[in-house]
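Work out the full structure: start from the sequences and follow the hints.
Sequence lines, in order, name chains A and B.
Numbering-wise (the numbering used here), the first sequence opens with residue 1 and increments by one.
Numbering-wise (the numbering used here), the second sequence opens with residue 1001 and increments by one.
I should point out that these hints are in silico values taken from the structure, not numbers from a laboratory.
Note that CB positions come from ideal geometry on N, CA and C, so glycine has one too.
Take the hints with a grain of salt, since some may be wrong.
As the list claims (entries may be wrong) - Derived Cβ-Cβ restraints for the label pairs, each shown as a range:
no. : chain 1 : residue 1 : chain 2 : residue 2 : range
1   : B       : 1210      : A       : 70        : 42 to 50 Å
2   : B       : 1212      : A       : 5         : 24 to 32 Å
3   : A       : 211       : B       : 1208      : 54 to 62 Å
4   : B       : 1202      : A       : 73        : 41 to 49 Å
5   : A       : 105       : B       : 1068      : 42 to 50 Å
6   : B       : 1063      : A       : 231       : 56 to 64 Å
7   : B       : 1059      : A       : 16        : 33 to 41 Å
8   : B       : 1058      : A       : 230       : 57 to 65 Å
9   : B       : 1212      : A       : 107       : 33 to 41 Å
What the hints assert, rightly or not - Derived, one-sided and incomplete: chain A residues facing chain B with beta-carbon distance under 10 Å:
no. : residue
10  : 46
11  : 72
12  : 73
13  : 77
14  : 80
15  : 322
To be verified - A few chain B residues that don't get close to chain A, going by computed Cβ distances all over 12 Å:
no. : residue
16  : 1005
17  : 1038
18  : 1057
19  : 1072
20  : 1115
21  : 1138
22  : 1145
23  : 1146
24  : 1148
25  : 1194
26  : 1201
27  : 1207
28  : 1211
Letter by letter, the chains look like this.
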Amino acid sequence: MIRFEDVTKRYADGTVAVDDLSLEVPRGGITVLVGPSGCGKTTSLRMINRMVEPTSGRILLEGEDISQRPAAQLRRHIGYVIQHAGLFPHRTVLANVMTVPRLLGWDRGKARAAAIEAIEKVGLTQDQAKRYPAQLSGGQQQRVGVARALAGDPTVVLMDEPFSAVDPIVRGDLQAEVRRLQQDLGITIVMVTHDIDEALTLGDKIAVMGYGGHLAQFASPAELLAEPADDFVADFVGKDRGYRALSFAAPDVAVRPERTVRVGENVAAGSGWVLVADDEGMPQGWVDVAGWGGPVPAEKVRRFGTVAEAGASARTLLDAALSSPSGRGVVVEDGHLVGTVTADQVLAAMRREGHVATPPGSPEEAP
Amino acid sequence: MIGQTFQWLLDPANWTGQGGILAQSLAHLRYSFLALLAAAAVAVPIGLWVGHTGRLRWLAVNLTGAFRAIPSLGVLFIAVLLLLPRLRGEWAYEAPALIVLVLLAIPPILSGTYAGVQATDPAARDAARGMGMTGAQVLRQVEVPGALPLIMSGLRSAMLQIIGTATIAAIVGLGGLGRFLIDGQASRDYAMMAGGSIAVAALALLVDQVLALVQRAAVSPGLRHASAG
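Listed below in structure tokens is the structure:
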């Protein structure tokens, strides 16, 4: 739906920011432009709303050449979120979010209603809507930035490094929020980031751009990790891309049923690690029944590390197994215990399904 | 001396009547506001343009400095010499006096305005353009409201200088609080001179306070928060 056709941006001093870019951003979903600084990713993004004009080539939005539309008018229909939010300090949050609806010529009442809806969508309160940007935290300001981009009901939203100025915890929240908003509203998001982890977490499609503004690879996160097009992409995707790829494999692991006991229940000595659950059957932790037997004391129960939902990715399943003191990862579904898996089981399932190659001479190499 | 000055200031006879402190204050204010308006009419649009486009900034900076160095009295005499044969009646004297005051007021207003516009957060400006504001909309909706604190302080400092300097209108025979200084000197009435000076200072402070109230009403509370914390 957004199509770059042989787009080049060359500045007057001869620097090439974007080199013959051809790319089709699919409708719906999140497309991420990622690359080192100076690779032309921001320039490419800003050409979509004509903040930068290409030197040659053209960009089509829904089949229509964007250079044919007045720039200001085009931009009012495309959401725009930038790194430092860029809120107007003299306007309240509400008035900030009303900006695009007002530019679109909506009357005050309609603009206000749209702004309030957008503010609620991003998880801010009516009370916060009355404040001024300086009274909000960085993360809240960025939420306002997102609300402001959504208030005019755009089908396309551009985000330029939207979360790089906020701290990691807030960043995680905002990423989840953007993912949720994209799904709820069915919008197309084009996002620029220099952070490959953010690209892999959020992107449905990722365009890796290299030095000199050329497109190195355009693929899904799983493809990118499994088959990087060249050394540059392989390098950029990173050293632990084997681990990262685990996020995109969901092997069919046979979950083993796990016996549970309650606090105070009798256990036989030498039972090893036993899973403790509450009255509703929810797992509470592990208890090591080695040199003792009898009723389970509450203070001996250890937390079980991470928990995987049934059908989770290999990464989540492995993490549950590796972080469990018993070596058995707890798998739950809708708040109920399904059973446990071991790291060996996860790896075996991955070998079986071809996610992991079987080295010659290993015991799993079936004749 | 101090006693005599107070005596002069407290004598009701000096306050009322045609040449009294009240009447001269009004005359003084009239020149001052006329000069401020004329200076703002010139300096604010130029400042907005320079700040918005970033063009000719060097000219604005140098001009501002050069204007500040102009000797007021010199300009007054040149203006009188040039304009006297060309204008009739009161205007022949008022115009030169106003020219001096306007020239004096332009630098602080101009530099306040362009500095204010230029200080707009680049991210806010980028967001404004990216959301589809035209250049004029960016100026009106983002840059001017953000620049208001600096524009207002430019106007206030210009006004202080105007009120202080408007005393020179008396040199060419016009009214205003400068009369007390010139006439006091002529008749060696030092209490009158000192009293007149105090009246000028008091008027300047009073007007500044009024403008401070205007500033408070005009500037968004969002910007106050920003400067406070």
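Hint check, failures only: Hint check: 2, 4, 8, 15, 21, 22, 23 and 24 fail, others pass.
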